[in-house]
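J.: Numbering-wise (my numbering), the sequence shown opens with residue 1 and increments by one.
Take these hints with a grain of salt, some might be off.
[As the list claims (entries may be wrong)] Derived DEER-like restraints, expressed as beta-carbon distance ranges:
1) Arg59 - Ala122: 34 to 42 Å
2) Pro26 - Glu140: 20 to 28 Å
3) Ser129 - His48: 39 to 47 Å
4) Asn41 - Ala125: 33 to 41 Å
5) Ser63 - Met1: 36 to 44 Å
6) Ala83 - Ser30: 31 to 39 Å
7) Ser4 - Gly61: 29 to 37 Å
8) Glu57 - Ile112: 32 to 40 Å
9) Glu57 - Val138: 17 to 25 Å
10) Leu145 - Pro111: 27 to 35 Å
11) Ile112 - Pro89: 31 to 39 Å
12) Glu23 - Val118: 45 to 53 Å
13) Val118 - Gly25: 16 to 24 Å
[Unchecked claim] Here are the computed lysine to aspartate or glutamate pairs in the EDC-like style, where the Cα-Cα straight-line distance is at most 16 Å:
14) Lys110 - Glu124
15) Lys133 - Asp71
16) Lys133 - Glu57
No lab work stands behind these hints: they were computed from the structure.
All C-beta atoms, glycine included, are put in the ideal place defined by N, C-alpha and C.
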Amino acid sequence: MQLSLFSDYALRALIYLAVREEEDGPAEISGLAEAYGISRNHLVKVIHRLGQLGFIETRRGRSGGIRLILDPAEIRLGEVVRATEPRAPLLPCLSASAKPADGPPDCRIKPICRLRGVLRDANEAFYASLDQKTLADVIEPRTALRALLLGVSPAGKSIVVY
Numbered sequence: 001m002q003l004s005l006f007s008d009y010a011l012r013a014l015i016y017l018a019v020r021e022e023e024d025g026p027a028e029i030s031g032l033a034e035a036y037g038i039s040r041n042h043l044v045k046v047i048h049r050l051g052q053l054g055f056i057e058t059r060r061g062r063s064g065g066i067r068l069i070l071d072p073a074e075i076r077l078g079e080v081v082r083a084t085e086p087r088a089p090l091l092p093c094l095s096a097s098a099k100p101a102d103g104p105p106d107c108r109i110k111p112i113c114r115l116r117g118v119l120r121d122a123n124e125a126f127y128a129s130l131d132q133k134t135l136a137d138v139i140e141p142r143t144a145l146r147a148l149l150l151g152v153s154p155a156g157k158s159i160v161v162y
């Protein structure tokens, strides 16, 4: 299973927001883009979607910005990935509307294929594994992540990270 860049950026954005402290104030998309070295334009779409999904709050204007509105322990990674990944099945024959014999027209094994079940089980196991982890699980060590992403030392002093 390969995640889309959209899901990757969504998870990274949530990590960035989760390691911020209240006194850091709302985050800006430009700061998030700079922290990861990724396109601001791509992040705008991701942030908009995360806001629609209720994971973050977005505000425009002078005192605007973005912030996490849920506790990191409440955000299951599987939920985020399901909400941000395209709904395409691993194979056409794995779609919900597929019949047991569905598959490529030239597939000789489609009437007795067991690969379909194996791949469906693998996909379900992938999401089940993500469902076991929350955002809180992946933001540790928090102090080190803050230093790398925000350039802030444990004492709250700005540092330069190379």
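J.: In this structure, is the beta-carbon distance linking arginine 59 and alanine 122 contained in 34 to 42 Å?
T.: Check passed, 41 Å falls within 34 to 42 Å.
J.: Using the Cβ atoms, figure out if isoleucine 112 sits within 31 to 39 Å of proline 89.
T.: Since isoleucine 112 and proline 89 have Cβ atoms about 20 Å apart, the given range 31 to 39 Å is violated.
J.: Using the Cβ atoms, figure out if asparagine 41 sits within 33 to 41 Å of alanine 125.
T.: Holds: the Cβ-Cβ distance is about 34 Å, inside 33 to 41 Å.
J.: If I claimed the Cβ atoms of serine 63 and methionine 1 lie 36 to 44 Å apart, would that claim hold in this structure?
T.: Between serine 63 and methionine 1, where Cβ atoms are some 40 Å apart, the hint holds.
J.: How does the Cβ-Cβ distance of serine 4 and glycine 61 compare with 29 to 37 Å: does it lie in that range?
T.: 31 Å, holds
J.: Does 45 to 53 Å hold as the CB distance between glutamate 23 and valine 118, or does it fail?
T.: Cβ of glutamate 23 to Cβ of valine 118: about 50 Å, so the range 45 to 53 Å holds.
J.: Hint says 27 to 35 Å; check whether the CB-CB distance for leucine 145 and proline 111 agrees.
T.: 51 Å, violated
J.: Using the beta carbons of alanine 83 and serine 30, state whether their distance is inside 31 to 39 Å or not.
T.: About 24 Å separates the Cβ atoms of alanine 83 and serine 30, which means 31 to 39 Å is violated.
J.: Per the hint of 32 to 40 Å, is the separation of the Cβ atoms of glutamate 57 and isoleucine 112 within bounds?
T.: 52 Å, violated
J.: Given the hint that lysine 133 pairs with glutamate 57, does the C-alpha gap stay at or below 16 Å?
T.: Violated - the C-alpha atoms of glutamate 57 and lysine 133 are around 22 Å apart, more than 16 Å.
J.: For the pair proline 26 and glutamate 140, does the Cβ-Cβ distance stay inside 20 to 28 Å?
T.: 23 Å, holds
J.: So if I understand the rule, the pair passes when the alpha-carbon distance is 16 Å or less; does lysine 110 with glutamate 124 pass?
T.: Roughly 21 Å between the alpha carbons, so the hint for lysine 110 and glutamate 124 is violated.
Of the numbered hints listed earlier, those contradicted by the structure are 3, 6, 8, 10, 11, 13, 14, 16.
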